[in-house]
Each structure stands twice: as C-alpha cells, then as structure tokens.
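Asks: Start from the sequences and build out the full structure, keeping to the hints where you can.
Residue numbers for the sequence shown, in mature numbering (1 follows the signal peptide of the UniProt record, and there is no 0): -23 to -1, 1 to 267.
Be a bit skeptical, because a hint or two may be false.
[Unchecked claim] Here are the in silico distance ranges between beta carbons for each label pair: (1) 222 / 145: 24 to 32 Å; (2) 192 / 151: 27 to 35 Å; (3) 263 / 88: 12 to 20 Å; (4) 145 / 34: 31 to 39 Å.
Since the hints were made in silico from the structure, they are not lab data. All values reported here derive from a predicted model rather than from experimental measurement. Yeah, the Cβ is synthetic: ideal placement off N, Cα and C, and Gly gets one too.
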Amino acid sequence: MASFRRADRTRAALGAITLVALAACQGTDDPDPVEAPVPDGVVMHVDQSRMERKGREAFVRIDNGTDRSMTVESLRLTSPRLPDVTWKGREVVGATYQGDVEIDLPRGRCGTDVDATVTLHYRLGDGPLTVSTGPADDIYGAIGLIADRDCAETTLTTAADVTVGEPTVDGEGLDSVLRLPVTMSPTGRSTGVEFGGFESTVLFRQTADSPADVSVPLGAGDPTTTQVLSVVPTRCDPHALAEDKVGTLFGVHVRGTGLGEDADYYLPLTRKQRSAFLAFFGTHCGFSRP
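Replies: What follows is the structure, encoded as structure tokens:
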C-alpha cells in the first residue's frame, strides 16, 4: 500500500514540475507587438560625435516629444549605404526628452543618399509592445560621410595595396619635419583610380614638398609609387595638443568612377604611429626634449 502512495506522489510531483516548466516557457514568449505609425512628436536622427571619429561608433537619437516615457527594447537601422544594424537592450527616453542608442556602424557602400529608416520596438508608458518604422535624418551628414570614406577606401585599396611605413624626423626643433612614407602597389584589379594627395589636420600642416594635390594613376600596368606625407605642427599650442581628438586623422584623396570630387578616407595609422606624430609635435615646439 505504501509503495502505491509513493508512486502516486512521484507522478504528482512530476506533473507539477511539467506544469511549472510549461508555464515558464510560455511566460518568456513576448506577445506580438502592435504595429503603428511612429507617434506624433517622436523624431529620430543618426549621428556620430566628434569624440568617436577615430572609430565606428555612432548613435540613433530619439527625440520623444510625447507626454509619456518611451521604453525602447530593440531597433533596426536600415540604409542603402549600410548593411542593417540591429540593437537590443533597454533605453528609457522620458517624456519631452531625448535618448541616444549607441551602435557600431558596419562598413558602408558606395552610393549617394543615406535615406536611413529605423524600426523601433517600444512601449509608451504602460502601453503594449509596439513596432513602428520611420525615417532617421542624418542630421549633420556624419553617417553619409563615413559611408563616403568607406567607399573611397574600398576603391583605392582594391586598385592598390597600401603600406604605411614608419615615421622619421628630419632636422631639429622648429626646423624639423616629420615624414611618413606611404607605398601604393597597383593590383591590376581596377582602372581609372588615382591617388589625389593627402590632407592636413587641425594639428599638422603639410610642407611644400608633401603631395597635397596630385594625380597618381593606380591602374593595371602603372608603377608602384611611394608618396611621402611631410608635416609640421600647424601652430605650437600646448592646449590644442592636450585637447586634440582628430589631429592625426589625415585624409587620403581618391579619384575614380562613382566618387565625389572630394572623396577621401583616413590614412590608417597604428597607435605607435599616432604616438610618433604627437611626440614630434612636442619636440618640434619645445614642449619636451627629443
């Protein structure tokens, strides 16, 4: 008799465990979201801050002009210039406030307009989970500029293998010049592509012998070329050096089919190479000893 009671208790316990497991599984399923237009008063932008220009970090800014808080649970950014970008998390944007969702941008494609749209999964106040899709303005053109740079880099590096050498310093003190050799070896995979020169930065200006405006062909049959970026500090300002974020982002001009007149991308420098530029600023200007 006791054995039957034990068997009954065992079956009951197993049944209870099964019910709990089923309930737990059902509880993790989110209900289907309600589809609705973007609420009146909600505006979205895509942008990149000045602090982030060395990398791929950007953000989707949500201006919530409604009288209820918005809890964003996921978003998807789409654009003809970028692969889709998805984000999941929890960002609460208070009523009449704005919030930023940080994203990492994938490499962009050649093209023209960004035409970004954002699909949001969110709740307004205590309302149901809702999905809305609306435009996201590239308010300052930063995202389009990143895609343009990606296009320029892809165009040049398809046409030529680019090797950045080690920086060296000629001369001493205010007579010194930093020189950085950049070698471009045509691959034969592209035609009509040209290197158009380097750009100066807020910290460094090019010397007269640096290639700032040239037309160097990089098509099949063209020779390997080494272009030497030669710079000196724009001005000896220790505050500019201390506060700098973009002083070693040297533009590389690229000319080719489908590129804008001023197409360029940032010369890829290692941390060691960037440090050499910053150290040269100090020794040139006398802020520190060589």
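Asks: Hint by hint, note whether the structure agrees.
Replies: Here is how each hint holds up against the structure:
Restraint check, residue 222 to residue 145: a C-beta distance of roughly 25 Å satisfies the suggested window 24 to 32 Å. At roughly 33 Å, the beta carbons of residue 192 and residue 151 sit within the given window of 27 to 35 Å. For residue 263 and residue 88, the hinted distance range of 12 to 20 Å is not satisfied, since their beta carbons lie about 47 Å from each other. As the Cβ distance of residue 145 to residue 34 is approximately 32 Å, the hint placing it in 31 to 39 Å holds.
Against the hints set out earlier in the document, a violation occurs for number 3 only.
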